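Enquirer: The working numbering runs 506 ahead of the 1-based position in the sequence shown.
If you're looking for bench data, these hints aren't it; they were derived computationally from the structure. None of these values were measured; they are calculated from a predicted model. It is possible that some hints are incorrect.
[Said to hold, decoys possible] In silico DSBU-like pairs for lysine-lysine, Cα to Cα no more than 35 Å straight-line:
id: 1; residue 1: K929; residue 2: K1059
id: 2; residue 1: K929; residue 2: K986
id: 3; residue 1: K712; residue 2: K947
id: 4; residue 1: K929; residue 2: K775
id: 5; residue 1: K880; residue 2: K802
id: 6; residue 1: K1059; residue 2: K1072
id: 7; residue 1: K1085; residue 2: K929
id: 8; residue 1: K775; residue 2: K670
id: 9; residue 1: K775; residue 2: K802
id: 10; residue 1: K869; residue 2: K880
id: 11; residue 1: K712; residue 2: K557
id: 12; residue 1: K727; residue 2: K670
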Amino acid sequence: MTTTATQNPAENHVFEADVARLLHMMVHSVYSDRDVFLRELISNAADACEKLRFEAIATPTLLADDPDSRITLSLDEEKRQLVVEDNGIGMSRDELIEGLGTIARSGTRAFMERIEANKAGDGAQLIGQFGVGFYSCFMVAERVDVASRRAGADEVWLWSSDGKGSYSVGPADMADAPARGTRITVHLMEDAKPYTSRWSVERIVKEQSGHVPVPITMVEKRGAEPIQLTDGTALWTRSKNDISTEDYTDFYRGISGQYDEPALTVHFKAEGRHEYTALAFVPGSQPFDMFDPDRKGRMKLYVRRVFITGDTELMPRYLRFVRGLVDTQDLPLNVSREMIQASPVLSAIRKGITTRIITAIEKLAESDQDAFIKFWENFGPVVKEGIYEDFERRSQLMALSRFRTTVSNDGYRSLSDYVKNAKPDQSAIYYLAGNSLDQLKASPQLEGFRARGIEVLLLTDSIDSFWVMNAPEFDGKTFKSITQRAADLAQFAKPDVEAGMKSETSADVQRFIAFARDTLADHVSDVRASDRLTESAVCLVAPEEGYDRQMEKILQSAGRLQSVAKPILEVNFEHPLVKGIAAQEDGSLLREDAALLLLDQARILDGDKPADPRAFAERLTRVFQRALES
């Protein structure tokens, strides 16, 4: 005889005192986004369908005449109801109490302690137990009704609760019961009414549950035709041979929000100790948020094709431009979903996918120079952050990097190219850092290196000043800024100077250098003859110890350097202007003005302003007047 609700009225169960506390934790602490409730209900429905599929292997009759799994969402704006229905395994009365009564038993306090423990560590696998994810719906519900029929059974049972103090379990009305599976009716709060909107629900489903292994349809209003939202397949689970370039591009555009074509597609399945599938894309152009101060990645994490989060750092920050996803079945899921960052499984996944991405970029550099240079122009400044941050892959990233140099013209050179072009006795890789390529090319510090045919890296990205300090060497050669320390050029003869010949400063120039050293003592730490200048009269360099000129500017502008070391003024003792000034009488006003003007000239050539613009203008006026009078 069929059981009816009239013959067996519902049983009321009172929650224990700790339940209110637990529900408060679920609603206010465990989840940070109310949308998550729909993801959880769909995830539970998909699990129920998967369980039926498994049990039907041994008992095919459980499928009856309805073998195809499905999840249906029904919306009712007038009644403020959202219904999630599946034709999965379903639940008996005892299973309803067991499954939805997880928090209603004497183990409640221990259960809450497990949740608290998960905040600090890996913890138990709590999400996936029906009762836990299910209770997230009380973030938006005034009441929840769950009608369920176990596959192969006649009875239909109804579980109902407002999530405040009690729940009831009893027979459901057979006239309005699922033929198999579970129907969850969420009676929404007033401020949750948008969850009856087709566009809101469709957005959430496609974003968070678009790739669960069960097709999802939606009925927008009673009597309307069902609309298919997902087809129950996931692109990344298919063989690469079965996926076209157009399929990859469409998926990339959907997951990244960009409208270009990917420069690289990396799709693989890792097997062994940890199993996961990764589908990642290097964009064809810079994402708008690539230089976001938060520097967060945009890789999505799925577990068993259920979206978990888009905020987990699945890639190092210097690869934050990569878009895509990772889907794993190994990852233990904490109740909060957000507390999985420290998982050792996630660390292994992060390492594996990072290696694959870098390897793919290396192969691109070898196989398609034009495509690689386009990649480098888009993402090189970010990739070089890895030289500073990732000690393990530093050498690999340095070999991958490309640079403008004094011999590259409009192209790029690798560090390997540089080393091959180095002088026989050259022990350093020389570089010049600044803000503008044109400014660097015009820098007086380059003159002596050009004259001797020594290549210099021209570094214009802010990160360059940091990684060159952190990278001890490449192929046995250390990095040296040409704006710091002695230039070390004496060991390299100029091609146009005969062997054995050495330029010497005249007595007049030596006296002027001594005079300038005294006159400029408040502004510079030293004035000395230069072997790096061939065309310009003067230049500024940093002292032997400390930061180079560009690093000082970066740190000072960021408020990280309270005082800047006095620079060294180098003087070209062969320059006609220097010789002319040196020939002036000691103590003349022109000589003092000239020393200060040379300092300001060096500042301007270095990209700075004169220390005192008014005094600079007055000195310049006096020099012009003297020239006109003579």
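Enquirer: Now tell me, hint by hint, if it's right for this structure.
Expert: Hints and how they fare:
Restraint check for K929 and K1059: satisfied, since their Cα atoms lie roughly 31 Å apart, inside the 35 Å limit. The suggested pairing of K929 with K986 holds, with an alpha-carbon distance near 15 Å, which does not exceed 35 Å. Restraint check for K712 and K947: not satisfied, since their Cα atoms lie roughly 51 Å apart, outside the 35 Å limit. Pair hint K929 plus K775 does not hold up; C-alpha atoms about 47 Å apart against a cutoff of 35 Å.
For the proposed pair K880 and K802, the alpha carbon gap of about 23 Å is at most 35 Å, so the pair holds. Restraint check for K1059 and K1072: satisfied, since their Cα atoms lie roughly 13 Å apart, inside the 35 Å limit. Note on K1085 and K929: the hinted pairing holds, with a Cα-Cα distance of about 32 Å set against a maximum of 35 Å. For the suggested pair K775 and K670, the alpha carbons sit about 45 Å apart, so the restraint of at most 35 Å is broken.
The straight-line distance between the Cα atoms of K775 and K802 is roughly 24 Å, inside the 35 Å bound, and the hint therefore holds. For a cut-off of 35 Å, the pair hint linking K869 to K880 stands: about 14 Å separates their Cα positions. Distance check on the hinted pair: K712 and K557 sit about 23 Å apart at the alpha-carbon level, within 35 Å; holds. Proximity of K727 to K670 is assessed by CA-CA distance (about 30 Å); at most 35 Å being required, the pair is judged to hold.
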